[in-house]
Amino acid sequence: MTENTDKLEQERNESWRAELRNSMPMKDRVAIERVKMNEIPPEERIKSQTCEVNTGLTEEQAVLEAKRCMDCPKPTCIEGCPVNINIPKFIKNIERKNFAAAAATLKDYSSLPAVCGRVCPQEKQCEAKCSYLKMKKEPVAIGYLERFAADYERTSGNTQIPKINAPNGIKVGAIGSGPSSLSFAGDMIKLGYDVTVFEALHAIGGVLKYGIPEFRLPNAVVDAELDNLARMGVKFEKNFVVGRTASFEDLKEAGYKAFYVGSGAGLPNFMNIPGENLNGVMSSNEYLTRVNLMCANCDDTDTPVMHGKVVAVVGGGNTAMDSVRTAKRLGAERAIIIYRRSREEMPARLEEVKHAIEEGIEFLNLHNPIEYLPNAEGRVAKVRLQKMELGEPDASGRRKPVPIEGAIEEIDIDIAVVAIGVSPNPLIPACLKGIKVTRKGTIEVCEETMQSALPEIFAGGDIVRGGATVILAMGDGRKAASAMHDYLSKK
Amino acid sequence: MNKIIEKQQLSETVFKFVVEAPLIAKSRKPGNFVILRIGEKGERIPLTIVDSDLEKGTITLIVQTVGATSAKLCKLNTGDFITDLVGPLGKATHVSKVGTLLAMGGGVGNAPLLPIVKAFKEAGNRVITVLAARNKDLIILEDEMRKYSDELIVMTDDGSSGRKGLVTDGAEEVIKREKIDECIAIGPAIMMKFAAMLTKKYNIPTQCSLNTIMVDGTGMCGACRVTVGGETKFTCVDGPEFDAHKIDFDELLKRLGAYKKEETEAKNH
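Protein sequence lines, in the order shown, are assigned to chains C and W.
Straight run, no breaks: the first sequence in the working numbering ends on number 491.
Straight run, no breaks: the second sequence in the working numbering ends on number 1269.
Isolated chain C, as found in the complex (with noise of 0.2 Å):
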């Protein structure tokens, strides 16, 4: 990591940075307040499913958030990002109003900026190890600031390719075309490699496409850094199940030297309760597949989507609240949480919960769904919820929620979307001969390298963790390019 704390201190000590700090006393740079993002307001944003929440910042707003970064000469904020982005360079670019310069140093660590800066909790990364903090202050808003630099970048129509090696020639497969795999691919173009993405569905993007609604990702800002890696040489598979369409062994017949699995979490959970698999009962991958690949709330598509005047949606992750925001754009006039912990343990982002309760949903907390009853046509018209308090920690850290004993209360419902987690597809672990998967499914790697059992295996994200954010997902996939430069390097 020396080599790395040296070129970090050689960049803050470039002359336009010791100038930039010197422009401004520190105390006025404190006493700035934290920007507010701009946001479309909410009686008007819940009439459309793709009209984005967040507008971004002003070139002059960004501007003056980016006064504020102190630009510690030991920047922890860099300790907090799973790619460890150099902020303070990009932030400081954006003060100079070098917005061209702070988009490349993003795409120098991530080859999804955009996307990022819109979806990653920040919150609890970057944001949470600014100084700012320890001063008690706001901290920068640099997601805000790398969205912005991103969509400068984008809508400048002047979109810049980072540096890429000469091709090695040498084949590499990534499996999925979700964030993880993208950031492997993205990585991996740059050393040189001739790099193919494997996609099941019709269109690249994994999770960025069917599960995030474009009113918080635009399918635009997907596109977008699609046709970078695109422009960079990465080559784009769909409608292939690699193990089906081929397999892993006629693939390395291909020539491929190895492969990147970012299959991701595709099983859906249920709660095995009675009346769950009643008519309009379903998992939130197929509410919102439905909605945000197939477009089937759009009149001209032949895809149908259940619309209902009260829709449930159980859970309290950020998949909840995007499922339960959509039922408000598709029309319920109630749209209400249904969560068995407390607000406090809501794993969802707080953006989210705030834009949520903007948006007029209800929050049934501390309610837990123990059954589903039809009506005379076999739909599902009611749920019967048990009341829960809070006991003791769990595993998790978080106070265990247990049932309050009779206390059972029932609501009528048109529609239930489950949206409590996912587990790690089986499809792909069950083509790959001694692989080592977990008790849960998921595929055993090295933590360092991200490499499997089986040597020219590698695997991260959701297939990895289980369930975890873009951020995570994308970090494994740079630390698997790298490991797996190393080794086919070695071989």
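FYI, nobody ran anything at the bench for these hints, they're computed from the structure.
Ideal Cβ placement from N, Cα and C applies to all residues, glycine included.
Please note: incorrect hints may appear among the correct ones.
As the list claims (entries may be wrong) - Covered, in the sense of this in silico footprint (three residues per stretch, anywhere, with C-beta under 8 Å from a C-beta of chain C), are these stretches of chain W: (1) 1033-1044; (2) 1087-1099; (3) 1209-1221; (4) 1251-1257.
Said to hold, decoys possible - Simulated pairs of lysine-lysine, DSS-like, Cα-Cα distance not exceeding 27 Å: (5) W:LYS1254 / C:LYS238; (6) W:LYS1029 / C:LYS238; (7) C:LYS163 / C:LYS190; (8) C:LYS309 / W:LYS1254; (9) C:LYS252 / W:LYS1233; (10) W:LYS1200 / W:LYS1254; (11) W:LYS1261 / C:LYS309; (12) W:LYS1201 / W:LYS1233; (13) W:LYS1091 / C:LYS440.
As the list claims (entries may be wrong) - Simulated DEER-style distance windows between Cβ atoms: (14) W:LYS1097 / C:THR50: 55 to 61 Å; (15) W:LYS1200 / C:GLU410: 34 to 40 Å; (16) C:PHE270 / W:LYS1176: 41 to 47 Å; (17) W:ASP1158 / C:ILE370: 48 to 54 Å; (18) C:LYS436 / W:LEU1054: 31 to 37 Å; (19) W:LYS1176 / C:PRO374: 37 to 43 Å.
Given the coordinates of chain C, work out where chain W should sit on it, guided by the hints.
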């Protein structure tokens, strides 16, 4: 994009397509299916692979016009392209030498049944096939089935071909006549329900291949949930074939109509 090499009309509403898909042709096994989509606004629907030609790199699909997507597909002609085609998906049929197999096909269910009948015959089994439909015009793949069956019985509701009666009538006669080691029934859910009830009565192990609603077809969405032996299974990754005596057919029948309201609205557009 997959090119349509050949199109043939099998009945008023049923068409056969031979489609270019060299990788799938190579890797598919009996029982596997594909998911396809017609046009950028199209829906993803599952279809069983009926046959493949390794040399030509093609697969055969048979489709009945029931919804918007199947209607769009049936309007395509030789030389046209299918927008998206992915597979082979689902578990392959477990084919082994069991002795005598009784295969029951209903309507367009004959299409997924054909590769299984062929595989069991090639594995050295005696195969008796009972095909049924409402009338003579709706019986498809009769000649192909005959080729791979030791005996073929045709049943129609109106007696316009073969004998008058249901698939179960023909099957029960065979069961009473000789020892059947295994059954497979593929057709409309209601037909499979009664076929399962029949073979349960005689205690003959039976498989059914389910054609549920699916979106991705790779285990991601769970739209294809079915209760088998009291447990929830995903048809796309755990099936499509299940032990017929353990399938909750009443739930299946309800789930097949989950989007009836939305689909009727779509057709009225």
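Comparing the hints with the structure gives:
1. 1033-1044: holds (count 5)
2. 1087-1099: holds (count 3)
3. 1209-1221: Holds: 6 residues of the stretch 1209-1221 of chain W have a Cβ under 8 Å from chain C.
4. 1251-1257: Per the Cβ count (4), the hint holds.
5. W:LYS1254 / C:LYS238: 33 Å, violated
6. W:LYS1029 / C:LYS238: 21 Å, holds
7. C:LYS163 / C:LYS190: Holds: C:LYS163 and C:LYS190 sit about 7 Å apart, inside 27 Å.
8. C:LYS309 / W:LYS1254: 21 Å, holds
9. C:LYS252 / W:LYS1233: It is violated: about 33 Å lies between the C-alpha atoms, which goes past 27 Å.
10. W:LYS1200 / W:LYS1254: Answer holds: W:LYS1200 to W:LYS1254 is near 22 Å, not above 27 Å.
11. W:LYS1261 / C:LYS309: 15 Å, holds
12. W:LYS1201 / W:LYS1233: 25 Å, holds
13. W:LYS1091 / C:LYS440: 21 Å, holds
14. W:LYS1097 / C:THR50: 55 to 61 Å: 57 Å, holds
15. W:LYS1200 / C:GLU410: 34 to 40 Å: Holds - the Cβ-Cβ distance for W:LYS1200 and C:GLU410, about 37 Å, lies within 34 to 40 Å.
16. C:PHE270 / W:LYS1176: 41 to 47 Å: 42 Å, holds
17. W:ASP1158 / C:ILE370: 48 to 54 Å: 50 Å, holds
18. C:LYS436 / W:LEU1054: 31 to 37 Å: Since the Cβ atoms of C:LYS436 and W:LEU1054 sit about 34 Å apart, the hinted range of 31 to 37 Å holds.
19. W:LYS1176 / C:PRO374: 37 to 43 Å: 39 Å Cβ-Cβ, so the 37 to 43 Å window holds.
Going through the hint list in order, the structure does not satisfy hints 5 and 9.
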